[in-house]
Amino acid sequence: MSHHKVRITVNGTAGEDEVEARQLLVHYLRETRALTGTHVGCDTSNCGACTVMVDGRTVKSCTVLTVTADGTDVLTVEGLDEEGEMSPVQKGFQACHGLQCGYCTPGMVMSATGLLLEQPDPDDDAIREGIEGNLCRCTGYDMIVDSVRWAAAHGGAGTAATAHAAHAEGS
Amino acid sequence: MVGASVVRKEDPALLTGRGTFVDDIRLPGTVHMVFVRSYLAHARIVSIDTAEAARLPGVLGVWTHADLEGLPATRSVPGMERPCLATGKVHFVGEPVAVVVATDRYLAADAAEAVVVEYEELPVMASIAAATAEGATPILDGLPSNVVLEQQLSATDAEAELAAAPHRLAFALVNQRCAAVPMEPTVCLSDWQSSGLTIWGTSQTPHHMRNEIAQMFGLSQQEVRFVAPDVGGGFGAKASFYPEFLLTAELSRRLRRPVKYVETRSENMTSMVHGRAQQHDVEVGFDDEGRLLALRVRITQDCGGWPDATGIGLPTLTSFMSGGCYRIPTIAPSFRSVVTNTTPVGSYRGAGRPEASYMIERVVDHVAAELGMDPLEVRRANFVQPGEMPYATQFEGIVYDEADFPGCLDKLLEHVDYEALRTEQAALRNDPEAPLLGIGFSTFVEMGGFGPTPLFEQFGYVGGWESANVRLNVDGSAVIKVGTSPHGQGHQTAFAQIVADQLSVPFERITLIHGDTATVQEGIGTMGSRGVPVGGSAVFKAANKVRDKAIRIAAHMLEADESDIELADGRFSVRGAPQQGVDMAEVAVRAFKPHLLPDGFDLGLDETAFHEPSNLSYPSGAHCCVVEIDRGTGKVRIRRYVAVDDCGTVINPLMAKGQIHGGVAQGIAQALIEEVTYGADGQPGAGTLVDYTLPSSKDLPRYETDHVVTPTSFNPLGAKGLGESGATAAPQAVVNAVVDAMGHLGVRTIDMPCTPQKVWRTLNAALASQSESAHQNGS
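Protein sequence lines, in the order shown, are assigned to chains A and B.
In this text, residue positions in the first sequence follow our numbering: the first is 44, and each later residue adds one.
In this text, residue positions in the second sequence follow our numbering: the first is 404, and each later residue adds one.
Derived by calculation from the structure, the hints in this document are not laboratory data.
By construction, the Cβ of each residue, glycine as well, lies at the ideal position given by its N, Cα and C atoms.
Derived, one-sided and incomplete: chain A residues facing chain B with beta-carbon distance under 8 Å:
(1) Gly80
(2) Asn89
(3) Thr119
(4) Val120
(5) Glu121
(6) Asp124
(7) Gln137
(8) His140
(9) Cys147
(10) Val152
(11) Glu172
(12) Leu178
(13) Arg180
(14) Asp185
(15) Ile187
Using the sequences provided together with the hints, build the complete structure.
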């Protein structure tokens, strides 16, 4: 199995690593970069627990090979932090009880953040559409929809995600 | 605090990626275990060639059952214990045959691919019909047939009562096999050191796991530490024991390194226990007014390839609950459990009670259709009345606690304009372009607050109690340790609310420790909606013991009589003299000053309490589902879902709402979408999330919820439990609505899941038979 050098910036921190050609981005983030907030829930890209943002776009990191992410800027759930405060989306999930076991939650938060970057004021249908690729087995989704609406009304995607997206656009 | 919608304490960690799930734990030197699993459903193992795999880079070893002499089997019915790795024969697709350990999980997976297993295929019986057919091969060695357990739970088979009833109806129901699909699959990490064994594992029952593992290895319980940190959903399926817990431990012992196992989703779909999988043959006798006179239910459970210790007990619970919330003079349940070449069946949200609730709620709708009555009138004619509570059923020990079944239905109808819906339904039926409208009800009762001990002993647990310890620190903050181990239920928040009230300590200054057998005194676990009713009651009792002791100290400090001490806003004061007082922190400090306390005072404010429920509790409620069926495609759309639940005391309305939503979502999904299927060759038709469709945000409706509160007298909090109510109530609310939408065409039944194709076929068959009979009548 061939090895390759990759330079990937994760949550603003640059890193240079040698990775196996077949390694998935989610494993790179979890194992190499020790950022365990991004979760693995399936092996078919159906569940969305591994959702992160690569150059301003939400992707399921279990379908991305680390080598193809060479040179990118990745934002994970750990990077949403706003000087010790949770982002509006994270706050919305707590305020509206949009999580129970919390396993799908990081991926769900990233998808919701991505949605709010694209559509700052989505209606319920647009929210359901926006998070359709993320499965939650606990909540039945209703309160997740409420959470995203709450976030839209209290600052939207948040400063870290907005800066990440702006950086991606500029580069 | 009890009754307040406070947001959860556990959320910030989970929301920022700082939770600790088992696969997040890093121990130096950890190696990775991967299974070689059977791709055949029933076969004799002729040989296993591990040589090539063992030579691959990074591989530390490959083991088959023969290499693990003496490794015990997992608990089940005596004579049906399952070995960790197949011994000579495989029973289902996905059964582990060998294990590989390598330095990296990719390398371990490569090596598992290189293990060559030669099989001799055996006849496959992947359904109840095949496993019970004439000449079927017994799957379990040493048993004469695949029917492994048969039981009649009543003195009569009700034949005389059924024959004597003015009306008699017989029909069959299928409660299809479902998968729990917690978003986090099974994961464990074992570290066997000379001082003992530590296992981090995805489990709902850490203390039970510790006890089982200690016994299997002949270790003392002190030498085994089981930790269930954050657990990504369980839904009953993580209460079962899985081979990987034992295998990682054994291999860690042999390799003297930590061994981790991370299940993939496709493995999870065939390896984690499935739920439901029951068939019911029902006969009901009733009179002209719709009063139910006799009920006979013959349950056949598909156990899968190995009878699961919990799974095999579930038809008993179905039998006990077969009368639902109705007064039925004669109930005659019986069951048989059948082994098939499929994944083992265990508990899944509601575990045995949703099956009963579905059955009896379909019965009342059948009776209504037969008599041309309104389904609500049949329900009202049969309800056990509030004045009859507690209501002793014919089953020993099954006593319904305080409840108001008709009151729940009345409250539901405050939210639903039933008459207007019926009017709209009739109008839509006459418009061929409009969808068909269906209205379905579910008036249900289920079991919560699991215990007491005699019941739990039958499932292999030490007891049915729960334990809690509450400690007041010298700074006036408090720590709770509890034996229940949550996986999303919000115990950290709910239990802090209980303690905040009892000790008048700020909610923010209370923390919860759970899920670690080294730090939590004792425990049974989280299942059967027992978190608040049993765990919460233990917390309540422990907090009260601390409070009583603190009052004694405060009385001593204030030189007052204990009976004159009041506690409010964190301050003890003397009744009638509010200026005289001491705060909680001062009392906590004093608790450690023997020279300033009465002689012989037991120092500290640290109390443990156990709560043994005197009985199960019985959550109940009334749900209504309104569906629209597209005539062209058969697709069912849920237009409204309204749930009125009686879970007794509500600790946190926000979290209660979440529990109802989640349960209802799973119930709707069972009714419309989910089903684990097998081909005749035992190959799973649902081996990944591509073919096992979980509902997404676009498949589920908004939910409307409300409560009736009749506190139970069976525990000090008055709480009955709530986690399983939604999954127990929803399937029949949806299916009754689907059948109701087509009722005018003579449709009486449809099996779950009501997929568009199945509904379309049912609808068109009904239309065809109606036009045929119109044609005949016309000619």
